[in-house]
Each structure stands twice: as structure tokens, then as C-alpha cells.
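Work the whole structure out from these sequences, hints included.
There are 2 protein chains.
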Amino acid sequence: MGAVSRQTEEIMRVLGLFREFGTDDDRWEAMRRPEACDFVYGNPHDVAPQAYVDALVRAAQPTGKDHYAYTMDLPAAVRSVGDDLRRRFPVAFRNEDIHLTNGNFVGLAVALRTLVDPGDEVIFVSPPWFFYETLIVAAGATPVRVLADRDNDFDLDLGAIEAAISPRTRAIIVNSPHNPSGRIYTPEQLTALSAILEEGSARSGHRIFLLSDEAYNRIVFTPNTFTTPVAYYPHSFLLYTYAKTLLSPGSRLGYIAVGPEIDGADELRAALQIGQITLGWAYPVSILQHAIPDLNAMAPDIPVLQRRRDTLVSTLHEQGYEVVEPQGTFYVLVRSPIEDDRRFAEVLRAHDVFVLPGAMFEMPGWFRLSVTANDDMVERSLPGFAKAIAEVSA
Amino acid sequence: MGAVSRQTEEIMRVLGLFREFGTDDDRWEAMRRPEACDFVYGNPHDVAPQAYVDALVRAAQPTGKDHYAYTMDLPAAVRSVGDDLRRRFPVAFRNEDIHLTNGNFVGLAVALRTLVDPGDEVIFVSPPWFFYETLIVAAGATPVRVLADRDNDFDLDLGAIEAAISPRTRAIIVNSPHNPSGRIYTPEQLTALSAILEEGSARSGHRIFLLSDEAYNRIVFTPNTFTTPVAYYPHSFLLYTYAKTLLSPGSRLGYIAVGPEIDGADELRAALQIGQITLGWAYPVSILQHAIPDLNAMAPDIPVLQRRRDTLVSTLHEQGYEVVEPQGTFYVLVRSPIEDDRRFAEVLRAHDVFVLPGAMFEMPGWFRLSVTANDDMVERSLPGFAKAIAEVSA
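Chains as they are written, first to last, in this note's numbering: chain A, 1 to 394; chain B, 1 to 394.
None of these hints come from the bench; they were simulated from the model.
Treat the hints with caution; some may be incorrect.
As the list makes no split between identical chains, a pair holds if one copy fits it or if it spans any two.
SDA-like cross-link-like pairs, simulated, lysine to any residue; straight-line CA separation at most 20 Å [what the hints assert, rightly or not]: (1) Lys387 <-> Glu318; (2) Lys65 <-> Thr245; (3) Lys65 <-> Asp46.
Put into C-alpha cells, the structure is as follows:
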């Protein structure tokens with residue numbers, strides 16, 4: 001018996017390449033150099049806006065002796081979230097359906113643990129966010145991978161989802177706008193998905209729940225619009241984080257909004273509250289909860305992100321790359337001109353351009369760019385992209 | 001199959017009374033009234049000190065574009081913690097032994113998951129902190145309860161610990177200063193404990209680890225001194241939170257410091273890092289990490305807490321209560337004058353005095369007071385305590 005538990009070893013195995021890549025200190029150092037063009041993660045590459053800093057400074061001022069006390073779901077914060085959700089979506093969320101979390105990472109962990117037991121299966125779409133499989137395994141369930149429909153702009157492959165549903169299916173994770181393809185699922189697709197989940201639930205004699213990871217639901221490029229899957233399938237959890245909208249992933253803040261007509265609503269509400277507590281007091285810190293009304297009023301600068309997207313998509317396309325144009329999210333998917341995406345990432349790195357190899361998100365042969373790279377990085381990177389493709393094509 | 005997983009139902013069962021008590025909105029409302037004397041939790045009852053607010057305001061100012069980016073263990077924060085630990089304790093902690101966490105709740109969850117698998121046993125001392133058993137169950141292991149030595153000021157019952165060690169024992173949680181008794185374990189006890197754990201490890205052929213929950217290691221009353229168990233048993237994790245020292249439990253901030261000579265140090269370091277990530281990005285938020293050097297320089301106002309302790313201990317003793325004088329922590333343990341501590345808590349509540357019934361922490365027949373109640377509450381409560389004991393003695 002070694003020092004480390006088998007459950008942790010299993011998680012380290014599932015994390016695989018990401019573990020090695022994401023915790024490589026040398027790479028992080030190299031990416032922090034001023035000459036680096038860093039497209040790797042959805043991280044800020046401009047100093048935080050003054051309005052954001054001001055909101056936190058205001059929220060630091062004590063409103064009373066409870067300001068820094070144990071803070072569960074602060075009523076003023078929950079009301080603000082409820083107002084925001086009801087304004088934006090055709091779903092009659094009640095304030096009691098909202099559970100504040102310290103980010104979607106924990107939100108997913110809490111929702112999964114609330115729903116699944118060993119032997120249960122959870123479906124997710126590949127290419128996925130890095131940690132779905134890990135979180136499903138950590139919750140004790142079995143991940144079931146369904147490929148996105150790569151021939152149709154990474155839409156949901158509804159036939160594949162239907163085929164993946166078994167008597168043990170407990171939940172499906174849907175991520176729209178989709179990281180890394182930027183795809184937003186249409187009302188037609190969501191209607192069809194809902195029918196499949198209803199039929200699957202009826203067949204297996206228990207409810208299949210939908211976990212709607214909406215980290216990017218406010219990062220949507222003109223003229224696209226976003227539709228929440230919760231409006232189509234009431235047995236859903238809407239999982240949101242402010243990390244992307246406000247480009248502040250170091251400020252862990254998000255929420256779970258449970259579909260108001262979900263099966264077992266009362267039972268689930270109590271269980272989620274216990275999950276928030278027992279997963280390690282997964283409530284946002286006081287200062288961020290107090291800032292929520294201000295933060296809900298802030299919007300991402302979509303035109304800036306869209307301009308970067310357009311520059312990268314069109315220039316890389318001209319340079320000979322195959323590029324997927326995203327409808328939303330921070331990301332641009334690009335096919336590696338050589339099969340080995342990790343090797344091509346090293347070729348780009350030699351030109352001080354840092355990208356995320358597709359091997360990290362189950363798409364070997366591709367790589368991902370984040371348009372959170374600042375304007376200067378985008379401009380400086382273009383000759384590097386051109387040289388890199390020329391080098392490997394030579 | 002209901003909506004909620006069996007693992008969550010089991011956690012709700014283990015939480016038992018605490019779940020009902022801790023999430024009782026009416027009680028929370030009643031405790032918030034200005035006339036309430038609230039001794040229930042280690043929560044602040046004075047407005048946060050200006051120095052604390054100033055530290056957060058300073059930490060909100062961006063130091064660069066990475067200020068609000070994904071923040072793992074910020075090197076400046078880790079160095080500050082390392083300096084602080086090396087100054088205070090005779091243990092040669094290296095900076096790489098330190099893992100920042102968003103509080104001890106998550107710290108314990110991460111440490112437990114790193115170490116235990118189903119079938120493993122984890123020993124804890126009763127009366128315990130509310131969530132030890134829950135966190136052990138949530139990590140998949142089996143809790144093994146050992147009673148504190150109630151005839152000897154709640155010291156460790158070393159014989160009982162030795163008897164509780166089985167071939168499946170993986171870890172023991174030790175909490176000094178001890179919530180709720182306020183006991184600080186002596187060097188002699190810790191030396192003996194270390195020998196027992198060494199022998200147990202040798203007998204079972206695998207290492208038994210010690211999780212040292214030191215939430216209160218800076219809340220120590222004159223003339224007592226605190227000694228860290230890590231100095232006596234190298235195979236230890238020191239778990240710390242700033243919540244108590246700075247009376248700010250809503251600011252989730254803490255760390256795990258691994259004994260530098262622990263068995264499997266390299267393996268454990270990698271596993272803890274993965275645990276921090278996969279338990280839901282269990283790193284403190286950026287603003288709190290940036291504040292750590294300032295926060296490490298702040299000290300709790302021990303004389304104020306000690307004066308409240310002295311007032312409560314001596315006055316309640318004079319009124320006829322049996323009281324345990326704590327050496328540290330926020331807490332004063334008092335025997336309920338009637339067997340039913342929950343009923344007596346209601347008698348006190350009728351006098352606007354709110355206490356934590358012993359049933360919540362495995363000590364039926366007792367109740368706990370927190371000296372974080374402000375001076376005014378302490379003074380106003382004294383006639384209430386007198387009337388309550390008179391009423392039930394009549």
C-alpha cells in the first residue's frame with residue numbers, strides 16, 4: 001500500500017495528459033514572459049477592468065457584523081441572480097431554486113454527487129471540458145462518452161446519445177455554447193434531446209437529469225443567440241460561473257439553478273444544500289457574494305472578443321489552416337497541419353505562440369486558441385502561425 | 001429510485017441532528033435579532049476590524065493581468081505561510097510542503113481523499129467537530145470513534161486510541177486546541193501518541209497518517225502554550241484555516257502543510273495538487289491569496305476573548321453550572337442542569353440566550369458557548385443564564 005489512495009491514483013490516471021501539461025511549471029513560466037503569445041487557457045491577458053475592482057472594494061466594506069460570518073446563500077445575492085435569470089430566460093426560476101457555488105467546478109461536483117451512486121452512468125459529449133470525466137469518476141459513477149457530430153459543426157449527435165442511454169443512465173452533461181467548438185445548440189436540437197431523455201427516463205423507470213454547463217452563456221457572437229437547455233427539459237440543473245463572463249477565473253463564483261419543475265424538487269433542494277456544506281463549504285466567499293448585484297450588471301466586451309475571433313479565423317484560414325468558426329465561447333478550434341498536435345504545439349512555441357494541443361481535450365490532430373489573448377498577442381502571433389505551418393509543410 | 005443519490009442520503013443521515021439544527025431558518029432569524037445573545041457558532045459579533053478590510057481592499061488592486069487569473073498556490077502567499085510556520089513551530093516545513101486551500105473543511109476533504117479508499121478506517125475523537133464523520137463517509141472510508149478522556153479534562157484517551165487501531169486504520173484526526181473542550185494536548189501526550197501510531201503502522205505494514213486540525217492554534221489563553229502534533233509525528237498533515245484567527249469564516253482561506261519528512265512525500269505532493277484541482281478547484285480565491293502576507297501579520301485579540309471566557313466560566317460556576325475551563329479555542333463547555341440539553345437550550349432561548357446543545361456534537365447533557373459573542377451579549381446573557389438554571393431547578 002503506497003501513501004496515496006487508489007481513488008486518487010485512478011483520478012490521476014483519468015486526468016492523464018492534462019495532469020502533465022496543466023501542472024508543467026516550465027511551461028507556465030514561459031507563458032508568463034512578455035514576448036509570449038498565450039492562447040492556452042481562458043485566462044485574462046489584460047488587467048482587470050476598474051469597474052470590477054471597484055465592485056470588490058465596495059463589497060469589502062462591512063455591512064454589519066455578519067459581513068464576514070459564515071455565508072450560505074446570501075438572500076440579496078440570490079434575489080439578484082433570480083432577477084437576472086428570469087430576465088434572460090423563459091424559465092420561471094424561483095429564488096429558492098438557486099444555490100450559490102464557488103464556481104462551476106464545484107457546482108458540477110455538488111450536482112453529480114447529489115444524483116449519482118456507484119454503478120450509475122453519466123453521459124458527456126466529446127470533445128469535453130477537461131474535468132467532466134474526472135468529476136464523474138470522483139463522484140463514483142461511470143463516464144459514458146458520446147462523440148459530437150464533427151461532420152455537422154459539432155452539433156449534438158442525437159442518435160449517438162439515444163444509443164448511449166442505458167438502464168443505468170442517471171444524467172447527461174450538456175455544454176452550450178460548447179467548449180472547445182463554440183457551437184450553440186439550436187432549439188430544434190434541444191427539443192429532440194428532451195424527447196430522447198423523456199423516453200429514456202420512461203424506459204428505465206427513473207428520471208434522467210440534464211446538467212447544463214452554461215459557463216459561456218453570455219459569450220455569444222453576433223448574430224447568434226443562446227437558448228438554455230433548461231427551457232426544453234425541465235429536469236435540468238443550470239450551472240453557471242462568473243469566471244468567463246467577467247474574465248476572473250481566480251474569483252470562484254457561480255451558481256446552480258434547478259429547473260423549477262424538476263422531478264423531486266424539494267428533495268433535491270435539501271440535498272444540494274447538504275452537498276454545498278459537505279463538499280467543503282462550497283459557498284462563494286463573503287466578499288464575492290456581496291458583490292453579486294454589481295457583478296450581474298457587468299457584461300463582457302463581446303465586440304473585442306469577436307474582433308479577435310474574426311482576425312484569427314480569417315488569417316489562419318488564409319495561411320492554410322482548417323479553422324472552425326465558433327458561435328460563442330472564448331475558443332477557436334484549428335486543425336494541426338501535422339497529425340501530432342503536441343509536436344505542432346512545440347513548433348508554435350518556438351515562435352513564442354502557446355496553444356492547447358487537442359490531445360488535452362480528446363481531439364488529437366487539432367489545437368485550441370483562446371481569444372482572451374490580448375490584441376497585441378493576437379497581432380504578434382500571426383507571423384508565428386504563418387512560419388509554423390510553412391515549416392511543417394516544407 | 002428517488003431523485004437523490006444513496007451516497008447523499010447516507011451523508012444526510014450521518015449529519016442527523018446537525019442538519020436539522022444548522023439549517024433552521026427560524027433559528028437563524030431569531031439569532032440575528034439585536035436583543036439575541038448568540039453563543040452558538042464561532043461567528044463574529046463585532047464588525048470586522050478596519051485592518052482586515054484594508055488588507056482586502058489592497059489585495060483587490062491588480063498587480064498585473066494575472067491578478068484574477070486561475071490562481072493555484074501563489075508563490076508569494078506560500079512563502080509567507082512558510083515563513084510564518086517556520087517561525088512558530090520546530091518543524092522544517094519547506095515551501096513545497098504547503099498547499100493553499102479554501103478553508104479547513106476542504107483541506108480535510110482533500111487530505112482524506114488523498115489517503116483513503118473504501119474499507120479504510122479513520123479514527124476521530126469524540127466530542128468532535130461537526131463534520132469529521134461526514135467527511136470521512138464522503139471520502140468513502142469508515143469512521144471509528146474514540147471518546148476523549150472526560151475524567152481527565154478531555155485529554156486524548158491513548159489506551160482507547162491504541163485499542164481502536166486495526167489493520168485497516170489509515171489515518172487519525174487530532175484536533176488541538178480541541179473544539180469543544182478547549183483542551184491543548186501536552187508534549188507528553190503527543191510523544192505517547194506518536195509511539196502508538198508508529199507501532200500501529202509497523203503492525204499493519206502500512207503508514208498511519210495523522211491529520212492535525214489546528215484551526216485554533218492561535219487561539220490560546222495565557223499561560224498555556226500550543227505544541228503542534230506534527231513536531232512529534234512526522235507523518236502528519238497540518239490543517240489550518242484563517243477563519244478562527246481572523247474571525248472571518250465567510251472568507252474561505254487555509255492551508256495544508258505536509259510534514260517535510262512524511263512517508264511518500266513526493267507522491268503525496270502530486271496527489272494533493274490533483275486533489276485540490278479535482279475536488280472543485282479548492283484553491284483560495286485570488287483576492288484572499290494576495291492578502292495572505294498582510295493577514296499573516298494579524299493576530300487575534302486574545303485578552304478580549306480571555307476576559308469573556310473568564311466572565312462566563314466564573315459567573316456560570318457561581319450560578320451553579322458545571323463548567324469546563326478551556327485552554328484555547330472559542331468555546332466553553334457547560335453541563336446542562338437537566339439531562340435534555342435541547343430542552344434546556346429552549347429554556348435559555350426564552351431568555352434570548354442561544355447556545356449549541358451538546359446533542360449536536362455527541363455530548364448530550366451539555367451545551368457549548370462561543371466567546372465570539374460580543375461583550376454586550378456576554379453581559380446581557382448573565383441574568384438569563386441565572387434565571388434558566390433557577391427555572392429548571394425549581
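Exercise. For Lys65 vs Thr245, is the C-alpha pair at or below 20 Å within one copy, between two copies, both, or neither?
Worked result: Result: close only across copies, 16 Å inter versus 31 Å intra.
For this session: Could you figure out if Lys65 and Asp46 sit no more than 20 Å apart (CA to CA) within one copy, between two copies, both or neither?
Result: Between copies, since 5 Å is at most 20 Å while 35 Å is not.
Exercise. How do Lys387 and Glu318 come out at 20 Å by Cα distance, when the copy is not named: within, between, both, or neither?
Worked result: For Lys387 and Glu318, the Cα distance is within 20 Å only inside one copy (13 Å; across copies 85 Å).
Checked against the numbered hints above, the structure breaks none of them.
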